[in-house]
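Working from the sequences, and respecting the hints, build out all of it.
Protein chains in written order, with this note's numbering: chain A, 1 to 273; chain B, 1001 to 1401; chain C, 2001 to 2309.
The hints are simulated quantities; they were obtained by calculation from the structure and are not laboratory data.
It is possible that part of the hints are untrue.
Stated by the list, open to error - According to the in silico footprint, chain A covers these stretches of chain B (three or more CB under 8 Å from chain A):
| # | region |
| --- | --- |
| 1 | 1298 to 1304 |
| 2 | 1316 to 1327 |
| 3 | 1353 to 1360 |
| 4 | 1367 to 1373 |
Yeah, the Cβ is synthetic: ideal placement off N, Cα and C, and Gly gets one too.
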Amino acid sequence: MTVELAAVAGQSTSDINRAQSPLAIRGMTVSYGQKPAVFSVDMTVEPGKMTAIIGPNGAGKSTLLKAALGILKPLAGTTTVYGKSVSEQRHRIAYVPQRASVDWDFPTRVIDVVLMGLYPQLGLLGRVRPMHRAKANDCLIRVGMQDFATRQIGQLSGGQQQRVFLARALAQDADLYLLDEPFAGVDAATEKAIIGVLKSLRDAGKTVVAVHHDLSTVAEYFDNVFLINTRRVAEGPVASTFVTQTLQDAYGGRLAGAQMEALRLAPLDASTS
Amino acid sequence: MIWDALTLQLGYNATLVTIGAALLGMAAGVGGTFLFLRKRALVSDAISHATLPGVALAFMVMVALGGDGRNLIGLLGGAAISAAAGLLLVSWLSTHTRLAEDAAIGSVLSVFFGFGIVLLTVIQTMSAGQQAGLEGFLLGSTAGMLRNDALVIAGSAAVTLALVLLMRRPLTLASFDPDYAISTGQNVTRTDLAMMGLVLAVTVVGLKIVGLILIVALLIIPPVTARFWTERTDHVVLIAGVLGGLSAYIGAALSAALPNMPTGPIIVLVGFGFFALSLLLAPGRGVVSALLRHSAYQRRVHLRQGLLALAHGQPIYERLTLRLLQTQGWARPDGVATSDGRARAIKALRDETRWHIIRSDPAYEAAASLYDGLTEIETVLTNDQIMEIDSRIDLRGAVPA
Amino acid sequence: MNGSEFVPLSLVPMLTGIFVAVACALPGNFLVLRRQALIGDAISHVVLPGIVVAFLLTGVVSTWPMLLGAAGAAIVAVVAIEAVRRLGKIEAGAAMGVIFTAMFAGGVLLLEQSDTSSVHLDVEHALYGNLESLIWLDATGWSSLWDLEALAGLPVELPRMAITLVVVALFIAIFWRPLKISTFDEGFARTIGMQTNLLGLALVIMAAIAAVAAFDAVGSIIVIAMFICPPAAARLMTNRLEHQVGWSVAFAALAAIIGYVLAGYGPLWIGFADSVSAAGMIATVSGLILGITALIGPHRLRGAAAPTA
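Here's what the structure looks like:
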């Protein structure tokens, strides 16, 4: 079989959606030391959809997200959110970091963490009014954590902590939700709760982008996928993009035939294996 | 005078102290390396500050027993006991409460030191305390040292160095890879304990020479400096030992030769001089070479991305990219490729495609792991392999207009 | 103890001690939570080179140049530590160890090399200050508190420390939310547009201001103790930041009062004639308080379940 030259090299060939896209990344390169974790990646997120960022371990999934948000400093690349720079659009973005990135021994309660999501509204000295508390409580109800409001955050299980993070993101009332491995190390009940909330966000017209590592749930949970392995491998609707060839490209043959089968994808073309 | 000092011709005591300092510096450099590699450098700060109440109590006990309280071995023994107590408290606080190690270190060092100050003010009011000279332990003082004390210091520094060298292997293993060390049956807890014991010994022996506030510098600066020059643990140990010994030797000699040169500070500053030079100039990890490398690397990344964008006929979003392309003569100011630029863009695109193929083909897994977006494919694959790859590429329609 | 003795001799040092303790404990809460407890240690060591350089430049021992010199040294130290950490890729603790020891050594050497015999400037003083010397000569009793003429003779350290405390407290109050959010979750703080690096630097500068204002009266050692011990003890008492800060203020004030009283009167009670170092005793008492909370504090263990209220 042959590979068409222009289509595979990672750059997005069209630029029409950049102005409307909730998240458009161009030429992003991030490097730890002398080896890039992400190289010259373009990404154009479709509005009102749930997009999964997938790829093998160390493929740069989380790095791409952090660099797009300015948490990491990229070597090259630009990011726009709804056509403007990230710093102009912060109020429209909600980010749910990896659980491991936070000091869980911090002396604070669940409800206080959710209230942090209201900071952009409250500002430095704005008073927390009953309506803010009601809103925070509402967000806890949406993730099923209302009974834990006054617990210290370190006393929660991993899944519960993840749901509190999601509640904080909900409190931000954003248009674009970015989640870094939201299902890593959580129990089945939490996973179900989280995906329910994310789908309701999508149904309300919001855009959701999540770094995801479990290939078996991609088709069930997401509308679009973005495959990355240092470079962009493919981007598009699950039905046309989450297929044997692109997975093979992204995972470089590290996915065994059995795994492919479990994903109910066609086995590989004999001539390439 | 300085030359006399450096060649050990300033008399018996000064020579003993200088040699003792050099031995101690080597022991500190080697011992400190293990602390540094286990990321516990500042534990030594708690240990050294915690010696003060021990020194003061030992003085008071010796006076109460009828001595004059200035016996160096007795004072150092007291220092060792209270330093050990401080060390135990640090590890108890950080394992048995939710406090992090830095808070445990800070609280132990400040409280022990504060209590030591209280005891010093008590001693000042004692009749024997007027000339106790215990303040010398704060900053070290080797001027006018008694012969016996000089012998004690040189001797104990030699013993400490011997112990450090003896323990070198298990310590290297434990600080490089604790899990592996455990799997080989090594008792890492006990090795850690031994490491702390060595640090404690260095601290106590160093009290009289460098003083308790600055002794940590002898344990920290040489390993940090050595780290700039090598990536290998055993070499860090070696270089740190040499640097520690050299700093202490030069410092002690300068202090003996020149007026108003307290031993501890000058040793620390010599060590810091080595550090500053290494920070700036070391190849590889030094700042200058890292900056040069980073900016060269950033240029390569931008040029490569620029070429790929040209190949796709895409606009170039970043000014830096465009400027670099122009400087190379590969693009015009309006972002359109020159003929040279177009040729390079096609080459870049073809290489990128080749990489894409080998990265998705398990047969090339070893080569694919070298991908970094910049490496020339010719350096990784043979011509035959490249031809095989090219046979899979459909070149039609690949050349942009 | 009556007013005519207490007010001139003990009131000012005791109040100064309390102000120092609280001004250090307030930023200390965040330093401890950010695992930067030892930055206080580093800052207080570099105060010495700062004042020595200020003295060499101006040739006089006066308050403002020395305060500025010390503050400048603190900022140089913080920037240098950060530079060594990032440029040399060296772990924070080791970077601190390199910088503060080198600066302290430089300070001692400058001091020894220059002619400071005529002025009161020495290492011991910078380390443990002289709280007991803050005597209010113009006071005759409690009534002096309303006597403007007597108030004019207050040792300058007291109002200076009071202003420092107000500045530090205002900083913590105004930036409470950003400090809390960025300490808990720095990545999130950045995504909502906080300048976390600037905020971190501002916190350290506040700590430096407290340390610098304090060293003259009480010396460095009490400063390190107050940065760490009261907040650490407070952390073991509660799981809420708001309450932790409250506890730390109470512990700091308590340590200052008990420490000062024990240093001044304790030796007399057991038959000694002279008092002992108040700064040292305050540090010791703060350590005892930490020891007690480490043994019985309700939240002393990691991840322990909340006690039933």
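Going through the hints against the structure:
| no. | hint | result |
| --- | --- | --- |
| 1 | 1298 to 1304 | holds (count 4) |
| 2 | 1316 to 1327 | holds (count 4) |
| 3 | 1353 to 1360 | holds (count 5) |
| 4 | 1367 to 1373 | holds (count 4) |
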